[in-house]
Amino acid sequence: MNKLHLRLLAVLLLAIGGGATWYKMAVLGLPVTPDSTTQIWTVEARITFEADGGPSQVNLAIPHNPPGFNVLGEDFVSGQYGLARDREGDNRVAMWTARRASGNQALYYRIQLAEDANGETDMTSPTPSYPEVPDYPEPFGSAALTVLQDVREESADISSFTRRLLLRYNSSDPGENVQVLRGDIDSATAHVDNLIDILAGARIPARAVQVLTLRDRMRRAEMNTFLEVHNGSEWIPFNPVTAERGYPSNVLVWKRGSERPLSVSGGSSGDLEFAAARTVREVVAVAEQRAMQRGTSMLMDFSLFSLPVQAQNTYRLLLLVPIGALMMVFLRNVIGIATFGTFMPILIALAFRETQLAWGIFLFTSVVAIGLAIRFYLENLKLLLVPRLAAVLIVVVLVMAVFSIISHKLGLERGLSIALFPMVILAMTIERMSLVWEEHGAGQAIRQGIGSLIVAILAYLVMFQPQVGHLVFVFPELLLVVLAVVLLMGRYTGYRLTELWRFRHLILDRNRQ
Amino acid sequence: MIRLFKSLRQAGILGMNERNARFVMLHNKRSNYPLVDDKLITKRRAQDAGIHVPTLYGVIEIEHQIRGLPRMLGEIEDFVVKPAHGSGGNGIMVITDRHGGNFRLANGVLVGMEEVGHHISNILSGMHSLGGQPDRAMIEQRVQFDPMFEEVSYRGVPDIRTVVFKGVPVMAMVRLPTRRSNGKANLHQGALGVGLDMGTGLTTTAVWKERFVDEHPDTGNPIAGLRIPEWGTLLELAARCYHLADLGYLGVDVVLDRHQGPMVLELNARPGLSIQLANRRSLLRRLEQVEALDDIPEDPRQRVAITQDLFAKNNPPAPQTVIA
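The listed protein sequences correspond, in order, to chains Z and C.
Quick note, the first sequence lines up with residues 514 to 1026 if you use my numbering.
Quick note, the second sequence lines up with residues 16 to 339 if you use my numbering.
In case anyone wonders, no lab produced these hints; they're calculated from the structure.
Each residue gets a CB set at the ideal place from its N, CA and C atoms; glycine is no exception.
Don't take every hint at face value.
To be verified - Not everything, but these chain C residues come out facing chain Z in the computed CB check (under 8 Å):
| no. | residue |
| --- | --- |
| 1 | 23 |
| 2 | 26 |
| 3 | 36 |
| 4 | 102 |
| 5 | 105 |
| 6 | 133 |
| 7 | 137 |
| 8 | 140 |
| 9 | 142 |
| 10 | 204 |
| 11 | 225 |
| 12 | 226 |
As the list claims (entries may be wrong) - Below 25 Å or equal to it, Euclidean Cα-Cα: the simulated PhoX-like pairs (lysine-lysine) are:
| no. | chain 1 | residue 1 | chain 2 | residue 2 |
| --- | --- | --- | --- | --- |
| 13 | C | 21 | Z | 516 |
| 14 | C | 44 | Z | 516 |
| 15 | C | 181 | Z | 516 |
| 16 | C | 44 | C | 181 |
All chains should be modelled from the sequences, with the hints used to inform the complete structure.
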């Protein structure tokens, strides 16, 4: 009954801990290893214009859920301007306003994006109504109808229809009809508008989309125009020149519609320039930022990343303690190593993090050795227990201070980190060690001392594996798994490894018989 | 490695984890621990039950009382100072003789009152007690051990540890102090552990520092074949101790005084596993045999009969000579 209870509890903990971890790995995309990184684009739009001196307003269309990207954050550099954000049709608009502005003005909009090919973007809305067939002038009208008729015969659906049309429109050997359709248009945007007009002749809803093709360290870049057609259920993007379907991974959709994204009142028409830079960032931070931006996952809302950085750092350390405790259980109950104090080695291992291993071992051994020597001297004075412990504690602090000063003078900055040793624990260790020394002999005392040190070293090596630290911090629910393992080990009634040695003669004896 | 684990399992050796999980935690109620951890309580309950224990001369509870020690002792020449909550034989000071104002320790060294006082105040401050809580010091009769041990022990007092499971003595050993253990009867500290035949009280095999030996490491005398006097009384005493603390898995430490016979020194709620090495026998098998019994009689004598029945190597049991 008891055992069943324990097993059920362990299974439950394993399921919760494992399940939450799996969810965070598979669904939220948190990385399993500490070094996974992703591409981050920082795109900056720079608006410059000459203000008249009166009130001025600047409207800039800004990206909204761009396909293929996750928005991590935006900021606006507005100077004296007031800022408002609004929806305008399919687009988002930033509006800067100032009561009085004169001379050269510069405004910035910056957006941070993570590439995410699987990111979900709504490509279905808005569902347009079918356009009326326009009243084409001649000879444009008859050319359009002929071309549309040809294209319709070559295609199966709206997507292939559009593709055929684009190929034909951009053909290096355009027929007479296409030449009429192209006319003397020279800007790419105007061509897209023209195509939308032609597609309306087949009653296909289409729209222009202004995009930015991102290149690392690009400056003074300008927008291109893409074409999107609606096939009755969703918008399908096409490159209007090459007729390729879909947006390449480095193309950022900025706004829908062919109107200029920038409009200025109370000043010159204004210049809009784009710059972009690519950086590499940790996936954890990106996933965090994204989840916060979206505010979707409860699990992430309550993650340790929501804490202030200071507290985060504390927890990065604290969460390792259960790992150390797990090691202690294993080393003591399964291996059977004797140590001073149950969890003293873990605290020492935590201190090793600051001192690094070699220095840590050296400092620990010297402080304990000096402390022991002084403890033996104090024995002569016949002090009572608590004052004696206090005296040892004071000596330990003094020894630590002296160590720090000497190592600093010698230019060994590592020596300063001795201050992080848990001094009370050290004093208790010294006291216990001296008792064991007196009552069970030096051999036993030194053996337990070395046992503690070995456990501390092992705990340090495991706890401060970057992978371990990453896992417990990003997936703290793994501690439930640790808890389950500890609970199960709590009912381990098998032999300890050291008992093999202890009872070796019984086995040998038995085997001989 | 796994083969080694298997052969331990086949030999029926009781390991630390199994002892704790299956016997100590299952059969010993936590609330009864103070009854054995505090030797004063043990002693009082034993006296009430008519079980022989070393006479208590006095108890020192506060620092101030230390000065009254000589008055407390009166004419008494030899005595033992021990912490009421001591463990593993720690903190015990044996005074064999008084010489003027000085005291002679078991190892022959003369020390002053100051030394003894410091030892007592260490005890009071909890240096030797479990968990370091403040403690009391007991001043009690020094047991003059039976002459049979003279040949095979080095100073100190040999004692007989019996593991009693559900009131049935299952295994026993004599612990003989050696030069190495500095007069202490604790196997960890280098005392010699000698297995006993449960039927006759004859010494069998021995272990010293986890090694099997046949002779006493200091005196060179053979160990096997010595007969513990009043073995029947001793077993009955151990069996009766079950009622003192109501602990199912219990270690009973008995000393043999040359004048007063077997006396219970202390009880232990977590007796160690070395007894298996001393006897070269599996404790687990015997515990399981007792576990398998449907009914365990109330009468300690009948429980001793079970012991003789199950675990005696040389039947029939030795005649029960009861010498008061």
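How the hints compare with the structure:
| no. | hint | result |
| --- | --- | --- |
| 1 | 23 | holds (5 Å) |
| 2 | 26 | holds (5 Å) |
| 3 | 36 | holds (5 Å) |
| 4 | 102 | violated (11 Å) |
| 5 | 105 | holds (5 Å) |
| 6 | 133 | holds (4 Å) |
| 7 | 137 | holds (7 Å) |
| 8 | 140 | holds (3 Å) |
| 9 | 142 | holds (5 Å) |
| 10 | 204 | holds (6 Å) |
| 11 | 225 | holds (6 Å) |
| 12 | 226 | holds (7 Å) |
| 13 | C:21 - Z:516 | holds (23 Å) |
| 14 | C:44 - Z:516 | holds (19 Å) |
| 15 | C:181 - Z:516 | holds (23 Å) |
| 16 | C:44 - C:181 | holds (13 Å) |
The structure fails hint 4 only (numbered hints given earlier).
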